[in-house]
Amino acid sequence: MTGIDTFKCRAALFVTTLLLLGGCAQTVDRQQSYSVIDYQCNNAQFSLTFIDDEQVLLLLDNAEYHLTRVPAASGSRYVLNVEPKSEQHIVLHTKGSQARLEVDSTLYSSCVTAN
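Be aware that the sequence shown starts at 1, since it is given in the UniProt record's numbering, and climbs by one per residue.
Warning: the hint list may mix true and false statements.
To be verified - Listed next, the in silico DMTMM-like pairs over lysine to aspartate or glutamate satisfying Cα-Cα at most 25 angstroms (straight line):
{"id": "1", "residue 1": "LYS95", "residue 2": "GLU64"}
{"id": "2", "residue 1": "LYS95", "residue 2": "ASP53"}
{"id": "3", "residue 1": "LYS95", "residue 2": "GLU54"}
{"id": "4", "residue 1": "LYS95", "residue 2": "ASP52"}
{"id": "5", "residue 1": "LYS95", "residue 2": "ASP38"}
{"id": "6", "residue 1": "LYS95", "residue 2": "ASP61"}
Rather than coming from a laboratory, the hints here were simulated on the basis of the structure.
Keep in mind that this is a model prediction, so the values were computed, not measured.
Just need the whole structure built from these sequences, with the hints factored in.
Given below as C-alpha cells:
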C-alpha cells in the first residue's frame, strides 16, 4: 500500500469515527427531552412533565409532586408517590385532551390541554 492509500484509509476511518460519535451525541440529547402539557381547569391550571411511561411530575401552585401510573379502566391514572401513612391524597386521571385532578378534598374538573 502506498503512502497516499494509507492516508486515504486513515482519513476515511477518522471521518467514520466522527460520524458515529456525532450520532451518539444526538441520541443522548433526545433522551433528555421531556414532554410537558399544560392544563386549564375551571378553577386552576397545572402542568404535567412526562418523565417516562410510568411517571409524571405535576406542577400545581408552585409545588411539585411525583406521580406514578396505576391501572385504569380507561385513559391514564396517576397517584402520588408517598408512604401509605401520608395524609396527602393526589389522583390524576387523563384521557385524550381532558383531565381530572383530586388534591386532598379539592377537585379540579373540566381540565383541558392549554397547548
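Hint check, failures only: Nothing - there is no hint that the structure violates, so all of them hold.
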